[in-house]
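Asks: Each chain is listed here by its residues.
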Amino acid sequence: MKFRKADPLMRDLRRVLPSDRVRVAPLERSIMGRDASIFEGGRAGPVCFPISTEEVQGCVDAARRHGRAVVPRGAGTGLAGGAVPLEEPVVVVATKMNRLLSVDADQRVAWVQPGMINLDLSRALAPYGLHYAPDPSSQQVCSLGGNVGTNAGGPHCLALGVTSAHVLAAEVVLMSGESVVLGDADGWTPGLDLRGAYVGSEGMLGITTAIAVRLTRNPPAVETLLLAFDSVDAAAQTVSAVIADGIVPAAIEMMDKNIIWAVENFVGAGFPTDAAAVVIVEVDGLPGGVAAEADRVAELAVERGGSVRRATDDEERALIWKGRKSAFGAIAQIKPNYYLHDTVVPRTRLAEVMNQVYEIVDEHDLQVMNVFHAGDGNLHPLLLYDAREPGIMERVHAAGSAIIEASLAVGGVLSGEHGIGIEKRDFMPLMFSEADLDAQARLRRAFDPEEMANPGKVLPTGASCAEVNALGKVPEGVWG
Amino acid sequence: MTAKKSLGIDTEEMASRPALGIDTEELASCVSCGLCLPHCPTFRVTGEEWASPRGRISAMRQVQDHGMAVDESFLASMDSCVQCRGCEPACPSGVPFGSMMEATQAELARRRRVDWRRWGFRVLGHRWLLSLLSRSLAVVQRLRLVPSKRLGLPKIPLVQERLRATGNDVWLFTGCVMDAWQRSTHASVKRVVESAGAGVALPSPGAACCGALSLHAGLEDHAHALAARTMKALEGSAPILVDSAGCGAVLKEYGKHLGTPEAVAFSERVMDVHEWLAAQADQLPSVGERRRDVIVAVHDPCHLRHVQRAHQPVADVLSSYVTMVTLDDEGLCCGAGGAYAAMQPELAASIRDRKLEAINRSGADIVASANPGCTIHLANAGVDVRHPLEIVDEAIDYDG
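Chains A and B, in that order, give the protein sequences.
To convert, note that position 265 of the first sequence is 265 in the working numbering; the numbers rise steadily by one, no gaps.
Just so we're on the same page, the working numbering is the position in the second sequence counted from 1, plus 480.
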């Protein structure tokens with residue numbers, strides 16, 4: 001569809017925003033058609049860059065008057081296609097709403113705009129000795145609004161909890177155009193926890209325009225250990241043993257052989273490229289406790305045949321984390337495309353499911369790499385491929401489905417932190433009953449009766465009542 | 481194809497050459513993770529995808545792989561790129577963004593019917609002509625007949641001191657605009673290099689320009705011709721020291737661009753002058769007392785930090801002579817970008833504003849930057865900015 005100046009929707013949007021912040025050039029609409037996931041078939045309608053809550057309300061009003069859906073977007077680093085626009089909706093981009101609004105260091109609360117970059121917030125808080133705890137691997141670029149949308153996790157969420165545990169309140173523009181505050185920055189509000197329902201709703205309940213986040217004190221002492229193992233089993237057993245021993249480290253991350261060299265090639269942090277798996281364990285807190293816990297972790301690793309390296313200073317620690325956090329991006333050293341899964345399995349079944357993943361991938365003649373939050377059993381198998389190879393996508397999808405089924409079979413779940421988006425939408429019935437999905441659809445419609453906020457995501461088409469069995473397919477061409 | 485006439489693009493030529501001529505493996509090598517975004521100065525100031533490396537690669541793919549027309553928004557996306565290459569060290573997959581952007585600019589230059597740069601940059605290759613024009617400009621400036629600040633021009637000297645060769649241990653590459661406008665910097669650099677015990681050779685007018693500006697504007701033929709002349713003028717095996725980061729980056733990439741064994745051997749002789757000095761640290765004279773209390777912040781030129789990846793030696797050399805502070809913006813570009821500040825003044829100024837905030841936060845008295853483009857651009861915003869070796873030259877106690 002072409003958008004001309006005289007188009008009534010354009011006319012209304014340009015009443016709300018100056019014309020240089022409403023974009024309709026075909027190129028721009030097409031590059032806004034994707035995020036960091038593998039979906040390529042999306043296409044935006046008008047792309048809007050509001051800078052205030054009132055402007056977001058104006059965009060939503062204009063879209064509603066013309067029966068057009070609205071898709072919110074942050075930095076576009078989502079891995080499940082949550083921000084991919086289907087059927088040319090109005091795309092509301094938060095990147096220009098990127099300010100830190102206020103900091104209350106005593107109460108440990110900050111109000112931020114949704115386009116603020118996760119790491120920029122922690123940097124801005126450094127003078128207070130505080131930080132924002134959830135640290136997705138993409139934290140140097142992902143936005144806090146997107147973190148709220150996906151209820152994002154991160155390596156350091158093991159001890160402190162994911163995004164939902166750090167969001168006290170959200171100012172939200174509903175599809176009616178009304179602006180409401182869910183939750184309370186000062187504490188808990190009585191009544192239903194609407195804030196809890198909102199965090200992780202992937203843009204289907206409204207558009208976030210401000211967030212009150214809980215701030216965390218920087219730990220007085222930190223120890224980072226890099227453990228190397230000759231087998232994935234030994235690495236996985238060590239992870240279970242650490243938790244079973246009563247230690248809850250700040251983070252436990254695992255990487256397997258295939259990804260170690262790609263990461264080492266980029267950061268040169270001295271990762272052992274001959275190991276079958278490495279585990280990064282970070283413990284933090286008061287100095288005495290940290291030292292004792294680090295010693296115990298090292299002991300448990302050595303008992304299981306592991307070797308131990310401890311980061312001697314902050315620089316070495318930063319380099320180890322840089323390696324872990326750039327793992328996904330390093331993939332193109334091997335293949336130009338990857339399909340990343342995000343299932344969670346019980347920690348005690350980790351080794352078993354990983355071995356199944358290797359078998360599944362062999363069966364489909366693909367390559368796989370594993371880099372994941374081992375401490376909470378959140379697997380991230382990355383299937384590598386070159387989309388230009390004919391017939392490859394069928395194999396990639398078949399292997400992906402088998403991995404999901406294997407994870408669910410041991411009592412796991414579909415997604416740990418990336419969200420459902422388009423990617424896992426049609427897998428939802430594997431995990432939820434009709435009644436579950438119906439309840440979710442009714443909750444969504446309580447906020448958004450017309451289903452105009454980010455339609456086509458998360459809930460299978462016709463998720464309410466008995467239509468579930470006749471699943472709507474993902475639109476043609478969306479699977480790149 | 482409905483490209484507007486005002487674009488000056490030859491649409492027939494375009495129809496016959498649909499691709500941008502980017503290496504297909506390079507173009508396929510981006511996984512769209514977005515980790516480059518915060519390291520891109522134009523994304524940082526706009527927050528818009530078309531002004532980010534990932535968005536630009538996506539746009540290149542639309543044109544090269546999916547046959548989308550080159551239109552106004554495509555040109556805006558490409559031409560707004562500073563070519564700072566800050567995205568390259570940030571990319572875990574090592575996507576060669578600079579190479580793709582150079583290929584794209586070369587293709588766009590072939591299609592552009594009118595481009596003043598094609599003629600303007602010719603001047604740079606002729607030292608006498610550039611010198612004549614510069615002196616005329618210096619006179620006009622003093623008569624207040626040109627809005628220098630708006631055009632991003634420095635105050636051009638009326639009279640330049642003459643540099644004399646003192647040996648042939650090392651070459652000092654003098655370049656075009658820097659030699660015409662900032663020769664006093666070369667004089668400082670030469671004194672510091674000589675103080676480490678080396679005799680300095682100066683190139684003939686054949687090495688008048690490295691070709692960087694032409695290359696970044698996509699004028700490959702002109703850039704290659706300048707490269708051939710430069711290589712001829714800097715013969716022998718002595719190290720070639722460069723005090724302009726932009727020039728040094730291109731001289732080091734002659735081997736890649738020309739692909740000949742001579743060019744590869746030439747590039748291996750090129751060193752940023754600070755790299756050479758850092759290796760002779762024990763030869764350098766001691767500091768006079770007076771500069772110790774000066775606080776200096778180093779602004780790393782992009783082509784030193786991201787392309788040559790040789791910014792550390794600047795700090796190593798400077799730290800013996802002054803008190804140093806670090807800017808907290810992770811080496812983000814200042815917006816100068818060679819001719820960029822003149823071509824995209826609004827974006828260049830917004831990018832510079834971020835840099836000015838970082839400089840203010842650092843509490844520095846002076847900013848040191850080893851690239852003429854950066855020094856001119858920052859000085860136009862009122863920053864006291866010098867070449868690092870001017871600061872060292874002033875601090876050295878030559879009599880002591």
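If you are wondering where the hints come from, they were derived from the structure by calculation, not from laboratory data.
Any given hint might turn out to be false.
Said to hold, decoys possible - Covered by chain A, per the in silico footprint, the following chain B stretches (three or more residues, Cβ under 8 Å):
| no. | region |
| --- | --- |
| 1 | 565 to 577 |
| 2 | 617 to 627 |
| 3 | 779 to 790 |
As the list claims (entries may be wrong) - The following label-pair restraints were derived from C-beta to C-beta distances:
| no. | chain 1 | residue 1 | chain 2 | residue 2 | range |
| --- | --- | --- | --- | --- | --- |
| 4 | B | G501 | A | D295 | 31 to 41 Å |
| 5 | B | P825 | A | L286 | 23 to 33 Å |
| 6 | A | E87 | B | H606 | 54 to 64 Å |
| 7 | B | S611 | A | D20 | 36 to 46 Å |
| 8 | B | K629 | A | V308 | 58 to 68 Å |
| 9 | A | D314 | B | L612 | 50 to 60 Å |
| 10 | A | A446 | B | P825 | 33 to 43 Å |
What the hints assert, rightly or not - Negatives, chain A to chain B, calculated, CB over 12 Å:
| no. | residue |
| --- | --- |
| 11 | E28 |
| 12 | R29 |
| 13 | R34 |
| 14 | I117 |
| 15 | H131 |
| 16 | S137 |
| 17 | S176 |
| 18 | E316 |
| 19 | G329 |
All C-beta atoms in this analysis are idealised placements derived from N, C-alpha and C, irrespective of residue type, glycine included.
Asks: Taking the earlier hints as the rules, which of them does this structure contradict?
Replies: Failing hints, ascending: 2, 3, 4, 5, 10, 11, 12, 13, 14, 16 and 19.
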